[in-house]
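Using the sequences and the hints given, assemble the complete structure.
The listed protein sequences correspond, in order, to chains G and U.
Using the working numbering, you'd call the opening residue of the first sequence number 1 and step up by one each time.
Using the working numbering, you'd call the opening residue of the second sequence number 1 and step up by one each time.
Hints in this document: simulated from the structure, not taken from any laboratory.
Keep in mind that this is a model prediction, so the values were computed, not measured.
A few of these clues could be false.
DSS-like, lysine-lysine: derived pairs with alpha carbons at most 27 Å apart [as the list claims (entries may be wrong)]: (1) Lys209/U to Lys261/G; (2) Lys209/G to Lys76/U; (3) Lys280/G to Lys209/U; (4) Lys228/U to Lys247/U; (5) Lys33/U to Lys86/U; (6) Lys296/G to Lys296/U.
Derived list of chain G stretches under chain U, where covered just means 3 residues or more per stretch with a C-beta under 8 Å from a C-beta of chain U [unchecked claim]: (7) 196–204; (8) 211–224; (9) 284–298.
To list a few chain U residues with every Cβ distance to chain G over 10 Å, as calculated [to be verified]: (10) Leu18; (11) Lys21; (12) Ser27; (13) Leu35; (14) Pro62; (15) Asp64; (16) Ser79; (17) Asn85; (18) Lys86; (19) Lys112; (20) Glu131; (21) Lys165; (22) Ile205; (23) Leu233; (24) Thr245; (25) Val287.
Where a beta carbon is used, it is the ideal one built from N, C-alpha and C, also for glycine.
2 protein chains.
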Amino acid sequence: MNILIAGAGAVGGYYGCLLWKTGIKVSYLVTEKSLPVIRDNGITVKSKGEVWTFHPKVSVNPSDLTPCDLIIIAVKRYSTEDVLNKLQPFIREDTLILPLQNGVDSEEEILKRFPDSQVLGGIAFIGAKLEETGVIIHHGAGSLSIGELDGKESDRVKDVVRIFKDAGVPAKLSTDILKGKWKKLCWNAVFNPLSVILNGPIEYILDSKDALNIVYGIFNEIRSLAEKKGIILSEGLMDEHINVTQKLRGYHTSMYEDFIKGRPTEIDYFNGYVCREGTKHNLPVPVNCTITSLVKAISCTHIS
Amino acid sequence: MNILIAGAGAVGGYYGCLLWKTGIKVSYLVTEKSLPVIRDNGITVKSKGEVWTFHPKVSVNPSDLTPCDLIIIAVKRYSTEDVLNKLQPFIREDTLILPLQNGVDSEEEILKRFPDSQVLGGIAFIGAKLEETGVIIHHGAGSLSIGELDGKESDRVKDVVRIFKDAGVPAKLSTDILKGKWKKLCWNAVFNPLSVILNGPIEYILDSKDALNIVYGIFNEIRSLAEKKGIILSEGLMDEHINVTQKLRGYHTSMYEDFIKGRPTEIDYFNGYVCREGTKHNLPVPVNCTITSLVKAISCTHIS
Numbered sequence: 001m002n003i004l005i006a007g008a009g010a011v012g013g014y015y016g017c018l019l020w021k022t023g024i025k026v027s028y029l030v031t032e033k034s035l036p037v038i039r040d041n042g043i044t045v046k047s048k049g050e051v052w053t054f055h056p057k058v059s060v061n062p063s064d065l066t067p068c069d070l071i072i073i074a075v076k077r078y079s080t081e082d083v084l085n086k087l088q089p090f091i092r093e094d095t096l097i098l099p100l101q102n103g104v105d106s107e108e109e110i111l112k113r114f115p116d117s118q119v120l121g122g123i124a125f126i127g128a129k130l131e132e133t134g135v136i137i138h139h140g141a142g143s144l145s146i147g148e149l150d151g152k153e154s155d156r157v158k159d160v161v162r163i164f165k166d167a168g169v170p171a172k173l174s175t176d177i178l179k180g181k182w183k184k185l186c187w188n189a190v191f192n193p194l195s196v197i198l199n200g201p202i203e204y205i206l207d208s209k210d211a212l213n214i215v216y217g218i219f220n221e222i223r224s225l226a227e228k229k230g231i232i233l234s235e236g237l238m239d240e241h242i243n244v245t246q247k248l249r250g251y252h253t254s255m256y257e258d259f260i261k262g263r264p265t266e267i268d269y270f271n272g273y274v275c276r277e278g279t280k281h282n283l284p285v286p287v288n289c290t291i292t293s294l295v296k297a298i299s300c301t302h303i304s
Numbered sequence: 001m002n003i004l005i006a007g008a009g010a011v012g013g014y015y016g017c018l019l020w021k022t023g024i025k026v027s028y029l030v031t032e033k034s035l036p037v038i039r040d041n042g043i044t045v046k047s048k049g050e051v052w053t054f055h056p057k058v059s060v061n062p063s064d065l066t067p068c069d070l071i072i073i074a075v076k077r078y079s080t081e082d083v084l085n086k087l088q089p090f091i092r093e094d095t096l097i098l099p100l101q102n103g104v105d106s107e108e109e110i111l112k113r114f115p116d117s118q119v120l121g122g123i124a125f126i127g128a129k130l131e132e133t134g135v136i137i138h139h140g141a142g143s144l145s146i147g148e149l150d151g152k153e154s155d156r157v158k159d160v161v162r163i164f165k166d167a168g169v170p171a172k173l174s175t176d177i178l179k180g181k182w183k184k185l186c187w188n189a190v191f192n193p194l195s196v197i198l199n200g201p202i203e204y205i206l207d208s209k210d211a212l213n214i215v216y217g218i219f220n221e222i223r224s225l226a227e228k229k230g231i232i233l234s235e236g237l238m239d240e241h242i243n244v245t246q247k248l249r250g251y252h253t254s255m256y257e258d259f260i261k262g263r264p265t266e267i268d269y270f271n272g273y274v275c276r277e278g279t280k281h282n283l284p285v286p287v288n289c290t291i292t293s294l295v296k297a298i299s300c301t302h303i304s
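Spelled out as structure tokens, the structure:
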């Protein structure tokens with residue numbers, strides 16, 4: 001199987017490395033800026049004392065990299081449209097597309113251009129970050145859920161899951177991948193923006209009863225919105241998230257990392273998405289809208 | 001007229017100095033901590049190149065300072081209850097009480113203990129801050145509105161206004177002092193907490209369209225709450241506030257000053273009041289509740 005990965009960040013770089021180690025041909029679609037670095041130095045993954053460097057085929061032009069059987073979209077959510085514009089002419093009828101991105105609307109955006117027969121849903125849980133272009137630090141975890149959007153256990157989705165399993169990834173087939181993405185959104189839309197606003201690690205949120213008030217304010221609105229879209233999230237989901245997150249007390253969220261480095265954040269695809277969709281569905285989501293505006297205002301003053 | 005001022009901060013210190021210059025006997029009720037400093041050094045006001053120091057009668061015990069004709073409550077809002085506890089035994093039937101405090105519920109709190117015949121309403125607009133105990137820096141402004149709670153132009157309120165006017169304060173008699181306090185609340189509940197959350201001067205708010213979204217979110221909720229209480233605020237009030245505030249671009253709000261110095265903030269009497277009263281009146285005020293929780297969470301992590 002030939003796999004094209006769009007984006008050589010933490011997610012694309014880490015999974016690509018594991019797939020490459022099993023002998024799979026992995027090629028990377030990257031930006032103009034990253035191209036010379038990755039062409040010259042390859043991609044390096046540092047994980048628990050081990051270091052691997054591999055030199056995949058890499059280009060800014062999909063025509064150099066296709067044909068392929070599976071395309072993994074692993075760019076930041078706000079770069080999806082750019083990447084789809086580039087890829088569109090090179091995607092065959094039987095090419096599978098698997099977005100591994102935050103937010104719950106990647107699949108929706110991809111479906112606007114390609115039939116749903118081509119799009120899988122995916123959720124990556126991975127403690128990794130980009131140290132510099134082409135260099136990924138992996139701290140822990142790395143599980144992956146993949147599923148057909150209609151929940152079926154098709155042969156092709158089983159194949160994709162098996163490839164990852166063979167590479168050592170704790171991958172599993174999900175029969176309700178969209179619900180899984182909403183569950184992850186609840187974590188993302190809570191811990192990411194609050195870590196930016198409180199300017200610190202996860203424990204700043206976990207240890208403040210005032211911050212926890214807002215956590216539940218954000219969550220309850222997302223839960224109501226999900227219900228409007230036919231996705232039932234359990235009332236106790238946020239408690240579960242909080243319990244699990246106690247293990248990550250000193251952790252800096254990806255949005256916080258983006259924020260302190262002056263990079264764009266994914267706020268528009270977390271709370272910003274909730275704010276837009278809430279308005280569209282006539283559902284009041286003022287906490288998410290306020291949080292969205294605050295992160296944007298803070299990012300702006302911080303960058304200037 | 002004998003005047004007792006509770007609190008020798010920016011407001012109490014500045015007005016007390018102007019009254020003292022006209023020969024009025026001003027005495028101060030202060031905290032244990034401030035007492036030795038003010039007893040030894042007096043109160044100093046620095047204003048536009050001029051410096052005045054005066055040595056008023058000062059005590060932690062009202063019995064040393066009464067009887068008096070007028071009591072000005074000029075402590076931070078959260079210290080009101082303490083001060084009223086101390087003063088209660090020494091207040092005569094004809095003693096007037098004039099709170100000059102932020103928020104809209106000082107009068108309400110004082111009325112719980114004293115008949116409304118004793119309580120006036122007041123609003124101080126003053127650009128002053130406490131440099132250190134007993135030392136006040138006055139930057140500009142200093143106007144004062146004073147009124148009977150029922151709006152009447154009584155002789156006694158005219159007398160109080162005249163005393164301030166004679167001292168050079170641009171004081172005026174207000175026939176709708178509660179509405180004036182709500183108008184000021186709209187400014188306070190917007191610029192104070194947002195300056196803490198955005199960690200900077202007023203211009204951080206004025207220059208961010210995202211922050212301005214929240215400004216109007218806070219304001220619209222306060223306007224609805226005021227209406228429930230029979231106070232009609234004009235739709236354009238926040239635009240007026242923003243226009244006037246353009247002159248204060250580099251200004252740090254009093255809440256920001258309190259925050260960076262690790263002192264308690266008045267959030268419970270601005271957005272926190274709106275949050276509590278909204279809940280009581282069954283009116284959703286999620287933006288004010290979110291902002292309240294955020295300022296508390298930020299203050300907490302900042303202080304620790």
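Hints, verified against the model:
no., hint, result
1, Lys209/U to Lys261/G, "holds (22 Å)"
2, Lys209/G to Lys76/U, "holds (24 Å)"
3, Lys280/G to Lys209/U, "holds (21 Å)"
4, Lys228/U to Lys247/U, "violated (32 Å)"
5, Lys33/U to Lys86/U, "holds (16 Å)"
6, Lys296/G to Lys296/U, "holds (20 Å)"
7, 196–204, "holds (count 5)"
8, 211–224, "holds (count 4)"
9, 284–298, "holds (count 12)"
10, Leu18, "holds (37 Å)"
11, Lys21, "holds (42 Å)"
12, Ser27, "holds (39 Å)"
13, Leu35, "holds (34 Å)"
14, Pro62, "holds (35 Å)"
15, Asp64, "holds (40 Å)"
16, Ser79, "holds (22 Å)"
17, Asn85, "holds (28 Å)"
18, Lys86, "holds (31 Å)"
19, Lys112, "holds (27 Å)"
20, Glu131, "holds (27 Å)"
21, Lys165, "holds (42 Å)"
22, Ile205, "violated (8 Å)"
23, Leu233, "holds (20 Å)"
24, Thr245, "holds (16 Å)"
25, Val287, "violated (5 Å)"
Against the hints set out earlier in the document, violations occur for numbers 4, 22, 25.
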